[in-house]
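**Q** The lines below spell out each chain.
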Amino acid sequence: MSTRATALPLPEEFRPVRGEWWVFLRRLARRRTSLFGLVVVAVVVVTALGATWVTPFDPVEQDIGDRLKPPGSRDATGHVHPLGTDHLGRDILARIVFGARPALLVGFAAVAISGVLGMAAGLVAGYFGGRIDDVLMRLADIQLAFPFILLAIAVIGVLGPSLTTIICVIGVSSWVVYARIVRGAALSLREREFVQAAQALGSRDGRILLRHVLPNVFTPWLVVATLDMARVIVIESALSFLGLGVQPPTPTWGGMLADGRVYISTAWWLATFPGLAILVTVLGINLFGDGLRDTLDPRLKV
Amino acid sequence: MRTFLTRRLLQSLVVLLGISFVVFFILHLTGDPASVLLPPEATAQDIREFRERMGFNDPFYVQYARFLRGALQGNFGDSIRHGEPAFGLVVERMPATFQLAGAALLLALCLAIPAGIVSAVRRNTLIDYVSTVVALLGQSMPTFWLGIMLILLFSVQLNLLPSSGRGEWRHLVLPAVTLGLFTTARITRLTRSGMLEVLSQDYIRTARAKGVSDPPVVWKHALKNAAIPIVTIVGIELGTLLGGSVITETIFAWPGVGRLSVQAIYNRDYPVVQAAVFLLASTFVLVNLVVDVLYTYLDPRIRLS
Chain A
1 MSTRATALPL
11 PEEFRPVRGE
21 WWVFLRRLAR
31 RRTSLFGLVV
41 VAVVVVTALG
51 ATWVTPFDPV
61 EQDIGDRLKP
71 PGSRDATGHV
81 HPLGTDHLGR
91 DILARIVFGA
101 RPALLVGFAA
111 VAISGVLGMA
121 AGLVAGYFGG
131 RIDDVLMRLA
141 DIQLAFPFIL
151 LAIAVIGVLG
161 PSLTTIICVI
171 GVSSWVVYAR
181 IVRGAALSLR
191 EREFVQAAQA
201 LGSRDGRILL
211 RHVLPNVFTP
221 WLVVATLDMA
231 RVIVIESALS
241 FLGLGVQPPT
251 PTWGGMLADG
261 RVYISTAWWL
271 ATFPGLAILV
281 TVLGINLFGD
291 GLRDTLDPRL
301 KV
Chain B
303 MRTFLTRRLL
313 QSLVVLLGIS
323 FVVFFILHLT
333 GDPASVLLPP
343 EATAQDIREF
353 RERMGFNDPF
363 YVQYARFLRG
373 ALQGNFGDSI
383 RHGEPAFGLV
393 VERMPATFQL
403 AGAALLLALC
413 LAIPAGIVSA
423 VRRNTLIDYV
433 STVVALLGQS
443 MPTFWLGIML
453 ILLFSVQLNL
463 LPSSGRGEWR
473 HLVLPAVTLG
483 LFTTARITRL
493 TRSGMLEVLS
503 QDYIRTARAK
513 GVSDPPVVWK
523 HALKNAAIPI
533 VTIVGIELGT
543 LLGGSVITET
553 IFAWPGVGRL
563 SVQAIYNRDY
573 PVVQAAVFLL
583 ASTFVLVNLV
593 VDVLYTYLDP
603 RIRLS
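In order, the protein sequence lines correspond to chains A and B. For the first sequence, counting from 1, position 21 maps to 21 in this note's numbering; every step adds exactly one. When you read off a place in the second sequence, starting at 1, and then add 302, the result is the number in this note's numbering.
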């Protein structure tokens, strides 16, 4: 018969006043740049979710009479187009606000897929080593040898562009950064006493990986995931820019840029604002990610 | 040293083999390569004949063996659109892509290494802040937007530089800046953090204590050690540059492999796409092999371990 051991409560004077999370948040908040990044990301997410309340305009409704109107002009009903209208008379601000949706959706979903794949590959390669490690690392080399965008558009060209295809293609081909970071951490954790103690106690490998190794590789993984999200958003807009992203009429930042490119000499606002939207979002994520790294794991090289 | 080289060479061969398989597999993703290559209006009869002629009815491994044999001889089949061998079409465009990627890399190294060193040495001064902010912006800016904005400013507004085509050096400026900015930002940040780490080491303090003046400490003692990660990243960044050329070449109508492949994808001209992907990926593998060999001269610990 076995009973479950419970930890003895710490005496009052030694108990930490607040949890680890609180300490972490305090340290993060002290860096003004990363706090700024977090605020930017939060604003983008909230605007994307509440897009219908942010703007009175419909992002796909055309109004040929009001085409290529410069920023600040009014339409017949007296509504102001703060960022102007495009070549089909659609409100640019509305399209940017709604365009945040596919960008963030692809960002989160693709990072989730590649993060899980990379975590699994890295844990297995680092913990078991040997043959399986060799195989996985050669696969990583093969993956890295491909020019990313070219491989992505070649595959999307065959499968046909759709939201699911784009998420899967980016997700499946972005696992290497995660795998390498997790593998490095797992490699050194394998030699640590608490892992060896668990092995000596007869824990199964799966349990050791999930309960002892995974929690200790989670922070570097999280930093990589945050910074990778920025990269994925740029790739999503690059694909839409090339016409192989989420298809019209859904507004996308890359698609708006491709439209605006044609009118570059007559209507500068068409291409300028969607690009700024990408820049601000990606900058916010990068600042937040840098702060996360400096707070959690300053020696991490990503 | 010999064993290191042999092992590294074998690894590269395995990677090349893997690349060839992925490139082969692109066409077979949907399970029916005939429907990928033929226009949608093709009749069932056309498709049947096409399958027979291309050998798509053979077992999978037979098809792959045939593809691999062809690839080794530089034969990826004929371009569906141009009717010429796809390999030749791609090779013809390679110099333009290398010129662009090379110019971008050179620009990145010339800007980033001095900028990174100065910001590390003059840490927390105005010049460090400026270079850090510029690097951060450069890392967050989408290439295609930067390209369009540069055209807007330098071609449309100021009328200083051409916005498309390849020819004299003036054609190279905007594409090279566009393609190189991200890499510049990456290398600047890496150089800065590498130098900061090295400058706090004991041997630097020893050199300073011995009375070595500032410039030799920075350039001889510190940079040599900070150079190791920079050399690695240069090999990897070449992949970013070759991949980024797809976008940059499209924006500036630069007649290289990237633009050729984007057009080939629009035209469903997959032999050309396969040849382009294969050649660019192989180039990346070869360059990284060379970088790794160079690396062993910089850091003998690697070839000894």
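Be aware that one or more of the hints could be misleading.
FRET-style restraints, in silico, Cβ to Cβ [unchecked claim]:
1. Q199(A) - Q375(B): 44 to 54 Å
2. D294(A) - I530(B): 46 to 56 Å
3. Q565(B) - E191(A): 21 to 31 Å
4. S162(A) - R424(B): 42 to 52 Å
5. I132(A) - I530(B): 36 to 46 Å
Please keep in mind that the hints were generated in silico from the structure rather than gathered at the bench. Keep in mind it's a predicted model, so treat the numbers as computed, not measured. Glycine included, every Cβ here is placed at the ideal spot set by N, Cα and C.
**Q** Looking at the structure, which of the earlier hints fail to hold?
**A** 2, 3, 5
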